[in-house]
Amino acid sequence: MNNLSHDEAYSELAAVALDAVSVELSVAVREHAAVCPECGPELSAMEETVAQLGQLVPQRAMNLGHGAGIRSRLVMRARGERESRSAAAPGPPDLARGVASLTGLGHKLTPGTQRAVDAEVKKALPPQKRQRSFPGGNLLALAASIAFIATAIQLARVTSDRNSLRNQVATRPAPPVPQDSANAPATEKEALIAAMAGPDVKIVPLSTKGAAGMGRVFWNRSSNDWTMVVYTMRPPKPGMTYQVWLVTDSAKISAGTFKPDSNGHAFMQAKYALDRNALKAVAVTEEPAGGMPSPTGPIVVSGSAAP
Amino acid sequence: MNPSEQELSYSREVRSNAEDVALIRRMCDADETALGALYDRWVRSLYSLVFHLLKDADEAEDVVEETFWQAWRKASSYEPSRGAVSTWLLTIGRRRALDRLRAKGRRREESMSQSGVLADVASSAPDPLQAAEESERRSQVRAALRELPDEQRSVLELGYFQGLSQAEIADMTGQPLGTVKTRMRLAMQKLREPLSMYRESAE
Chain A
41 MNNLSHDEAY SELAAVALDA VSVELSVAVR EHAAVCPECG PELSAMEETV
91 AQLGQLVPQR AMNLGHGAGI RSRLVMRARG ERESRSAAAP GPPDLARGVA
141 SLTGLGHKLT PGTQRAVDAE VKKALPPQKR QRSFPGGNLL ALAASIAFIA
191 TAIQLARVTS DRNSLRNQVA TRPAPPVPQD SANAPATEKE ALIAAMAGPD
241 VKIVPLSTKG AAGMGRVFWN RSSNDWTMVV YTMRPPKPGM TYQVWLVTDS
291 AKISAGTFKP DSNGHAFMQA KYALDRNALK AVAVTEEPAG GMPSPTGPIV
341 VSGSAAP
Chain B
46 MNPSEQELSY SREVRSNAED VALIRRMCDA DETALGALYD RWVRSLYSLV
96 FHLLKDADEA EDVVEETFWQ AWRKASSYEP SRGAVSTWLL TIGRRRALDR
146 LRAKGRRREE SMSQSGVLAD VASSAPDPLQ AAEESERRSQ VRAALRELPD
196 EQRSVLELGY FQGLSQAEIA DMTGQPLGTV KTRMRLAMQK LREPLSMYRE
246 SAE
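So the sequence lines, in the order shown, correspond to chains A and B. Read in order, the letters of the first sequence are residues 41 to 347 in my numbering. Read in order, the letters of the second sequence are residues 46 to 248 in my numbering.
No wet-lab data here; the hints were simulated from the structure. For each residue, glycine too, the CB sits at the ideal point set by N, CA and C. Among the clues, some could well be false.
[To be verified] Here are some, though not all, of the chain B residues that point toward chain A, as calculated from beta-carbon distances under 10 Å:
id : residue
1  : Thr78
2  : Phe96
3  : Tyr123
[To be verified] Just so you have them, the derived chain B footprint on chain A, three or more residues with Cβ under 8 Å:
id : stretch
4  : 46 to 60
5  : 78 to 88
6  : 282 to 293
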């Protein structure tokens with residue numbers, strides 16, 4: 041088929057433009073047209089003419105809700121892809137875009153720090169609970185509560201150690217600033233502790249029907265840092281993802297999407313300025329992959345921000 | 046403005062290809078808002094075309110989503126010298142719709158006497174009210190088609206709007222394959238001239 045003569049190819053241009061020939065013939069004609077100074081422009085002109093025919097079909101509006109959903113999925117999917125590329129490339133994280141910038145990421149920590157967070161959660165959870173997917177019930181609530189208390193104790197201890205070290209460091213001459221990357225995880229861990237601890241941190245406990253202690257959201261109202269830890273969550277259904285919402289009286293603000301790991305754990309961080317009295321609740325819904333501009337799926341986990 | 050409002054704001058304003066090309070360039074730079082803007086500009090035309098082919102709203106919506114996602118992923122492959130962005134988009138969408146039709150071996154069973162879009166063109170002059178409502182471009186396309194002989198218009202109808210191949214048209218109409226090819230080519234050549242004013246340059 042690749043041995044088409046010029047005349048043979050030329051005679052098929054209209055049919056190729058109309059997609060009215062076999063794939064093999066279409067490919068052969070297009071290969072010829074790509075290098076033929078006569079057939080190339082002719083085929084382009086015919087394709088333009090064919091496109092004009094599309095004007096004649098009765099104009100039909102898509103269902104508004106479906107159209108908005110498709111648009112939203114496309115844009116969020118494209119954003120997720122862009123941010124995945126950005127995350128893969130070296131460079132500082134871009135927090136300037138606000139909460140929605142976390143869509144599709146779920147983890148903003150270096151692998152080392154992520155391992156540290158996972159270790160904290162694993163350490164805090166009783167061993168027999170680690171491998172269970174989603175048992176539910178009061179035992180889980182109790183285990184989860186113990187986990188967070190233990191985690192809080194760990195955090196308090198680390199914070200105390202940090203403050204003690206800071207005091208010691210403050211009394212000594214300043215050492216040379218290390219330039220190697222080995223200190224980056226420690227700095228990140230400090231930032232994490234700062235985001236989750238302090239007098240201005242509001243903690244929103246997350247629960248689901250029949251099971252409390254599904255996780256916590258830490259909102260540092262001074263630094264606008266949001267940190268969410270959830271555990272023992274089942275994986276979302278195929279093609280779906282979990283999406284976090286900050287609920288105020290007037291809006292449901294997307295705080296990004298996430299998928300739990302194989303142990304049902306997930307960790308998210310975001311930076312978003314919200315009036316300190318505006319938050320009414322935090323909710324997690326199951327949404328189509330890529331997320332939605334407003335919640336459409338059932339609430340999987342939620343927590344009231346009431347004092 | 047939320048997406049619904051943006052879609053509602055769709056209008057028949059002239060959408061210059063230069064603006065479309067600028068959006069494609071932004072998409073090449075991974076600007077997802079450009080994808081949203083391109084969607085707003087062309088979703089109605091694209092959906093109308095693929096729905097006309099597929100006759101199924103769910104499938105047509107799937108094709109629309111696939112088409113715009115392909116446009117995002119392949120934005121860098123768009124070549125302005127080969128035609129307008131709208132042509133590129135509609136071509137992608139139409140091919141995807143035809144692929145679905147052909148994969149399922151689904152065929153519309155309308156006879157030629159029940160033909161749709163172009164038969165309307167042939168049988169009735171546009172009434173003043175209808176003409177006033179149509180865009181100038183659509184009126185020009187209709188006028189150009191009205192000038193075609195019936196047999197050439199029928200071949201176009203079956204090829205473009207029903208997605209039949211030349212061989213299938215020959216089988217359906219009982220015409221020799223060579224005759225179908227000739228009529229299709231002549232029809233396209235006759236349409237080119239009156240419609241050439243709408244072949245937009247890239248810039």
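How the hints compare with the structure:
1. Given hint, B/Thr78 at the interface with chain A, holds; its Cβ is 7 Å from that chain's nearest Cβ, closer than 10 Å.
2. With a least beta-carbon distance of about 5 Å to chain A, the hint placing B/Phe96 at the interface is held under the 10 Å criterion.
3. Against a cut-off of 10 Å between C-beta atoms, the interface hint on B/Tyr123 is violated, since the closest Cβ of chain A lies about 13 Å away.
4. For the stretch 46 to 60 of chain A, the assignment as covered by chain B holds, since 9 residues bring a beta-carbon within under 8 Å of that chain's beta-carbons and 3 suffice.
5. Counting residues of the stretch 78 to 88 of chain A whose CB lies closer than 8 Å to any CB of chain B gives 5, which reaches the minimum of 3, so the coverage claim holds.
6. Only when three residues or more bring their CB closer than 8 Å to a CB of chain B does the claim for the stretch 282 to 293 of chain A stand; here the count is 0, and the claim is violated.
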